[in-house]
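**Q** The residues making up each chain are set out below.
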Amino acid sequence: MYLSIDIGGTNIKSGIIKESGIVEILDKKEFPTNAKRVHGIGIEKKIVEIIKNYIVKYDIKGVAISTAGGVDSNTNEILYANENIPFYTGINLSNTVRNIYNLPCIVENDVNCAAIGELYYGSGKGYSNIFCLTVGTGIGGAIIIDKNIYHGVSFNAGEIGYMKINKMNFEDIASTSFLVKRVKSITGLELNGKKIFEQALKGNEQIQQIIETFCENLVEGIINIFYVLNPEKIIIGGGIMEQSEYLYPIINKKIQYAMNGVFNNNIDLSFAKLGNNAGMYGAYHLLKKCVEKSTI
Amino acid sequence: MLNDEIKLSDIKVNKEAIDWKDAIHVASLSLIESKKIKTSYVDAMIRAVEENGPYIVITKHIALAHARPEHGVLEKGISFTTFKEPVTFGSEMFDPVKLIITLAATDSESHLDLLSELSDILSDKEKTEKMYETKNEQEFLELLQTV
Numbered sequence: 000m001y002l003s004i005d006i007g008g009t010n011i012k013s014g015i016i017k018e019s020g021i022v023e024i025l026d027k028k029e030f031p032t033n034a035k036r037v038h039g040i041g042i043e044k045k046i047v048e049i050i051k052n053y054i055v056k057y058d059i060k061g062v063a064i065s066t067a068g069g070v071d072s073n074t075n076e077i078l079y080a081n082e083n084i085p086f087y088t089g090i091n092l093s094n095t096v097r098n099i100y101n102l103p104c105i106v107e108n109d110v111n112c113a114a115i116g117e118l119y120y121g122s123g124k125g126y127s128n129i130f131c132l133t134v135g136t137g138i139g140g141a142i143i144i145d146k147n148i149y150h151g152v153s154f155n156a157g158e159i160g161y162m163k164i165n166k167m168n169f170e171d172i173a174s175t176s177f178l179v180k181r182v183k184s185i186t187g188l189e190l191n192g193k194k195i196f197e198q199a200l201k202g203n204e205q206i207q208q209i210i211e212t213f214c215e216n217l218v219e220g221i222i223n224i225f226y227v228l229n230p231e232k233i234i235i236g237g238g239i240m241e242q243s244e245y246l247y248p249i250i251n252k253k254i255q256y257a258m259n260g261v262f263n264n265n266i267d268l269s270f271a272k273l274g275n276n277a278g279m280y281g282a283y284h285l286l287k288k289c290v291e292k293s294t295i
Numbered sequence: 000m001l002n003d004e005i006k007l008s009d010i011k012v013n014k015e016a017i018d019w020k021d022a023i024h025v026a027s028l029s030l031i032e033s034k035k036i037k038t039s040y041v042d043a044m045i046r047a048v049e050e051n052g053p054y055i056v057i058t059k060h061i062a063l064a065h066a067r068p069e070h071g072v073l074e075k076g077i078s079f080t081t082f083k084e085p086v087t088f089g090s091e092m093f094d095p096v097k098l099i100i101t102l103a104a105t106d107s108e109s110h111l112d113l114l115s116e117l118s119d120i121l122s123d124k125e126k127t128e129k130m131y132e133t134k135n136e137q138e139f140l141e142l143l144q145t146v
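Chains as they are written, first to last, in numbering that gives the first Met the number 0: chain A, 0 to 295; chain B, 0 to 146.
Calculated from the structure, these hints are not laboratory results. These numbers come from a predicted model, not from an experiment. Wrong hints could be hidden among the right ones.
[Stated by the list, open to error] For the chain B half of the interface with chain A, some residues (derived, Cβ under 8 Å), not all of them:
id, residue
1, TYR54
2, ILE57
3, THR58
4, LYS59
5, MET92
6, PHE93
7, LEU111
8, LEU114
9, SER115
10, SER118
11, ASP119
12, SER122
[As the list claims (entries may be wrong)] Below, in silico cross-link-like pairs of lysine-lysine (PhoX-like), each with a Cα-Cα straight-line distance of 25 Å or less:
id, chain 1, residue 1, chain 2, residue 2
13, B, LYS59, A, LYS44
14, A, LYS35, B, LYS124
15, B, LYS59, B, LYS124
16, B, LYS20, A, LYS44
17, B, LYS59, A, LYS35
18, A, LYS35, B, LYS126
19, B, LYS59, A, LYS45
20, A, LYS35, B, LYS6
21, B, LYS75, A, LYS35
[Said to hold, decoys possible] Label pairs and their calculated CB-CB ranges:
id, chain 1, residue 1, chain 2, residue 2, range
22, A, ASN73, B, SER109, 32 to 42 Å
23, B, GLY89, A, ILE144, 39 to 49 Å
24, A, THR186, B, GLU91, 48 to 58 Å
We treat Cβ as the ideally placed atom computed from N, Cα and C, and that holds for glycine.
If we strip away everything but chain A, and leave its shape as in the complex, we get (with noise of 0.2 Å):
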């Protein structure tokens, strides 16, 4: 059995991997991350007790961590962080892991491990080369090619949420943070995300036309995403997903509105399925086949 543990900004999540017949988390547990507060040292300290946890009541042989923040795959490190995770640059739960338990432990990022949980386990199943983007407060993508994550010469590939667009980074202009600036600043209104959408869904023109532009920038990414890597597919994922039935016939259009007349014209987009959870999946599989390659 695999222990997996996800850790965010917000919250650490963690659970066992249970692999026979359908792989699905048991014993599912959430924990305030405090990050703030404690640093990135509290965090290792956290992952240590929760680790302890499981032990005695599971046989444990291996810990996998999906992770806010940039990450050395090589080496495990934390490579940076922003601000909501103070002095996590140079933290390695991995060899934590090891010198503590004694088991195996890879750390990968969060975007990364999302991705690799749909690839396996989710909306890219049988496909090989996909991008998954990941849309909340800010924005974020994973590149996979041949079924693996492509990373870049320093773990940046993917990052599109520094792409430019109109001299504004995509994160800027596509992001839930777009949306809940650009409604109060033309409504007055201060909305979270999911008010947002029920005032839309109420019939609120204004609101409706802010999530028109919301989604035209969005899909201006998308297509610049399409023309780099040509991927079969692309997965939309993050807080969004929560309104994938408003924003999916929006989405689409715009996409082949503006493929119209383009050669080989389709962009297959799909939104994620597995949710939260598809951090703690992706890093588990990670953690498998390093375990099978003994790798680790």
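Fit chain B to the given chain A structure using the hints.
**A** Just chain B, lined up with the frame of chain A:
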């Protein structure tokens, strides 16, 4: 924000310590002199390491010494101390320590933004190397304040 909160008197550079406990004492002196903490707070910071391990060593070469407010914080404060000879705390990842930041917080929230801000500055390797090397408090303060 850093400009207002950190003063020249909060910084001591090129100090000496015989071990990590002594280093925490040395790194607490300016806060004791300015009457922001009591000596009981220093003991509590040391006890925290003895009981929990060197979790105050938060990143390469840097320790953030602190304890709970009720252990003797009189007024909120922060101080920075660098050491002539690096100090070993027993942190496998981040030893040896060259800079100790001593934090006296009156509640558990107010210092969090300051630390987030510091985290950006202290992840700049080039800058921190200069901070460890300098023998001049004013220069240290300027390094801390330039973005």
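**Q** Work down the list of hints and note, for each, if the structure agrees.
**A** Cross-check of the supplied hints:
{"no.": "1", "hint": "TYR54", "verdict": "holds (5 Å)"}
{"no.": "2", "hint": "ILE57", "verdict": "holds (4 Å)"}
{"no.": "3", "hint": "THR58", "verdict": "holds (5 Å)"}
{"no.": "4", "hint": "LYS59", "verdict": "holds (5 Å)"}
{"no.": "5", "hint": "MET92", "verdict": "holds (6 Å)"}
{"no.": "6", "hint": "PHE93", "verdict": "holds (7 Å)"}
{"no.": "7", "hint": "LEU111", "verdict": "holds (5 Å)"}
{"no.": "8", "hint": "LEU114", "verdict": "holds (6 Å)"}
{"no.": "9", "hint": "SER115", "verdict": "holds (5 Å)"}
{"no.": "10", "hint": "SER118", "verdict": "holds (4 Å)"}
{"no.": "11", "hint": "ASP119", "verdict": "holds (7 Å)"}
{"no.": "12", "hint": "SER122", "verdict": "holds (5 Å)"}
{"no.": "13", "hint": "B:LYS59 with A:LYS44", "verdict": "holds (17 Å)"}
{"no.": "14", "hint": "A:LYS35 with B:LYS124", "verdict": "holds (21 Å)"}
{"no.": "15", "hint": "B:LYS59 with B:LYS124", "verdict": "holds (10 Å)"}
{"no.": "16", "hint": "B:LYS20 with A:LYS44", "verdict": "holds (22 Å)"}
{"no.": "17", "hint": "B:LYS59 with A:LYS35", "verdict": "holds (18 Å)"}
{"no.": "18", "hint": "A:LYS35 with B:LYS126", "verdict": "holds (22 Å)"}
{"no.": "19", "hint": "B:LYS59 with A:LYS45", "verdict": "holds (19 Å)"}
{"no.": "20", "hint": "A:LYS35 with B:LYS6", "verdict": "holds (24 Å)"}
{"no.": "21", "hint": "B:LYS75 with A:LYS35", "verdict": "holds (18 Å)"}
{"no.": "22", "hint": "A:ASN73 with B:SER109: 32 to 42 Å", "verdict": "holds (40 Å)"}
{"no.": "23", "hint": "B:GLY89 with A:ILE144: 39 to 49 Å", "verdict": "holds (43 Å)"}
{"no.": "24", "hint": "A:THR186 with B:GLU91: 48 to 58 Å", "verdict": "holds (53 Å)"}
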